[in-house]
Every structure is written in structure tokens, then in C-alpha cells.
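*Asks:* Numbering follows the working numbering, with no gaps: position 251 of the sequence shown is 241.
Just so you know, the hints here were simulated from the structure itself, not pulled from any lab data. The hints are all genuine.
Here are the computed lysine-lysine pairs in the BS3-like style, where the Cα-Cα straight-line distance is at most 25 Å: (1) K235 - K331; (2) K309 - K285; (3) K235 - K194; (4) K223 - K235; (5) K194 - K285; (6) K309 - K331; (7) K194 - K223; (8) K285 - K331; (9) K235 - K309; (10) K201 - K223; (11) K223 - K309.
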Amino acid sequence: MGPTGRLFFFCSILCSRGAGLRANIGGSSDAVRLPTAGWWTSTTPLSDEPDTPLINRKIIHVDMDAFYASVEQRDDPGLRGRPVAVGGSRARGVVAAASYEARSFGVRSAMPSVTALRRCPDLIFVPPRFDVYRSISQQIRAIFARYTDLIEPLSLDEAYLDVTEDRAGLGSATAIAEAIRAAILAETGLTASAGVSYNKFIAKLASDQNKPDGICVIPPHHGPGFVAALPVKRFHGVGPVTARKMEALGILTGADLRDQPRDFLHRHFGSYAEYLYGAARGIDHRPVRAQRVAKSVGAERTFETDLSERDALHAALEKVVEAAWIRIERSGAIGRTVTLKLRYSDFRTITRARSSSQGVTDRASFLAMGLALLDQQLPIEGGVRLLGLTLSGLSAADQDEGMTASGPVQVELPL
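With the hints as extra help, turn the sequences into a complete structure.
*Replies:* If you want it as C-alpha cells, here you go:
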């Protein structure tokens, strides 16, 4: 059976949309009952076995469905059922979020607005309202807190939860995930999708399996096979450039990646190799963390063709700034230090930084400081293959990127 068939097998058993799984929760819980959890630390080394000591953890990844666009459609009935993009419609604008109607035309977040309009001429642009999104995000965070203290927000619209303790006494992680999704819908009018599994890597993959308004449960005995069947471009952290490099090496699926020895991965992917080696085996020892403030917020872009001309580099930096500033506004952070990152065609990487005593409070200042840092490096010989800009020295952050370690309680809870 090919990869697609295997993937359908796992998800047809364990995934559902809407209210479909709610009726089946009681019948499926006992089949995946797990042994009591053992103590462990985030420094536990990788092994060739799929998370053997850790399969008793119960991790949920909750991801709101097209969050920003769904909020706009909720608040403006005239936008419902229509292709909507949150972001700027001007020539250098970037799509921050797209409704599912827009996605059907190929519109995606982080896409230049002009490209989005070419794909969907009837696309409706709505300016972002980050204060509203943050307020709703806090509502959702409060719902999570009814079920666990171990909440790791990744952004305003997604988070990891460790529900091993089962504070609410619902009996399974699946039941907890469904209760959370139902509460979010009832209290905010918005839908969320959830992935339930024994580690963060697989839970995040699972949450994307049955969107929108869906749930997917991957128990430990299905984890390695589930990962093996997936295209590697679906792996968190594998961007388009890395995916193309893998394709050139004949690595298309998790199974292909799993077949590669460690030395091969180190030779081609450097320090990223250990992550890939573990991910291909369904291994992820990271704990769910809470309350650590992000050290920096930014964005970077890898180019298909190396850039060396001043105008091309300036235009590229403006697009990086558009994407980075969306993340900065999401976090509510104020920073003082702007750092430029350049990776040259020979893979040398440099960073250059500049600080402002007043703090960087607007996009124009962020861009101006970035351009000044870039101009100091001109002329460039050989070309630039990656360009990035970050804001650090953050204060008053919303902590949406944040986490601090906390160990799971040792109890028995089925998925």
C-alpha cells in the first residue's frame, strides 16, 4: 500500500470533523489506554525507538481555523462565504490570513497581496485588528486553563496543551479536546481543530489532518506509521527550500527520511539532522512549556536565485519586514534592537545589529533601521541567498511565543 493509502487508513479510524467524533469518544478510549507515566527531562537523548518512555503523555495541539479571517467573517455577515484576506492590499502588502474560500483559490498567509489578487481577483482585503484577535485569544486561553496549567501558546491562534493529569476528570485526552473545541465554539462563535497524540510533533501534524472543525487522534502504536506516510513537506520546520532539497535527494516521505542514516543527514542538513532523524521516527522529547517570554520576533526569506543588486535587496527586505511586522503586532511586543541576518551564496552567515533607546514602535522605523544595516554591507560580492530581520530586547510582550518548562504529572489517561 502506498503512502496515501496508509495515511487514509490511520485517519479514517481516528479522525473526524465537527460533532462526528463526539458520539464515539466513550467507545474508543479504552482501546488506547496507556501505562503510567515516568519522570523525564527535556535533555533526554534521542533513541531509535519511538518515544518509548514518553508514550504515556497526552498532548493536544489546538489550532483555530483561519483565525483572523474567521473573526472578520463572524463580525461582518457580509463577508461570510466570500474570499477574505486579512492584510494590506497595496503593492508591497502581505496576506496575514486567508479564509477557506480564499484558500480554495490558492491564497495563503505570507503571500504577497499582488499574487493573492492574481489568484483570486474577487478577494476582499480587510485590515488586521490585532487588539480584537488578542482579546479573543485570551478568551480561548482561559478555556484551556479549565483543563490544564500546562499551556504552551505558539501564537494567538494555536497552542500545545499537556492534559496528562486530566484535571476535569473526563477520562481521555480525546474527550478533553472535544470539550475544549465545543467550549470555544459556544463562547466565541469560532471553530478550532485539534490533534491528540503522545508528543508535540505528532499532535501538531494531527491537528492539520481534518481541518476545518476537525479532530485527529494518533495513538502510540500508529505514530511511527503515521509519520512514515506523510510527505516531508508537511513536517513542521521543513520549508519549501528544504523540501526541494530533500526531493532532489529522493526524500519524499517520512519513510524515505527514516531510511537515511545519521551521517547522511548531518552531511546534507548540518545541525538540523538530529531533529529530522527523530521526527522521521515519531520521536519528540520536548515538554509542553508555559510562560517564557520570546527573546526576539522576526522573519527571514531564502531566495531561489541569489541577490546582489541594491534595489533587489531593498525590495526583498521590505517583504521580510511586512511578514515580520505582522508577527510583532501579534505579540504586542516593543523591542529596542534590530538585527539583520545575511547568508551569502557560499553559506557564510553574518548578523549586524543596531539599537534604539526609544524602542522600535512602528513598521517604518523597523524598516529604516533594517535598510541602514543592509546598506552598510553593500556592495555585495557573490550574492545573498537568505535575508532576515528580527526585533529583540522585547518588553511588554503578550507572551504568545512563550513557554517555560514544567514536568507532567504521572497519572494514567487514555488518548
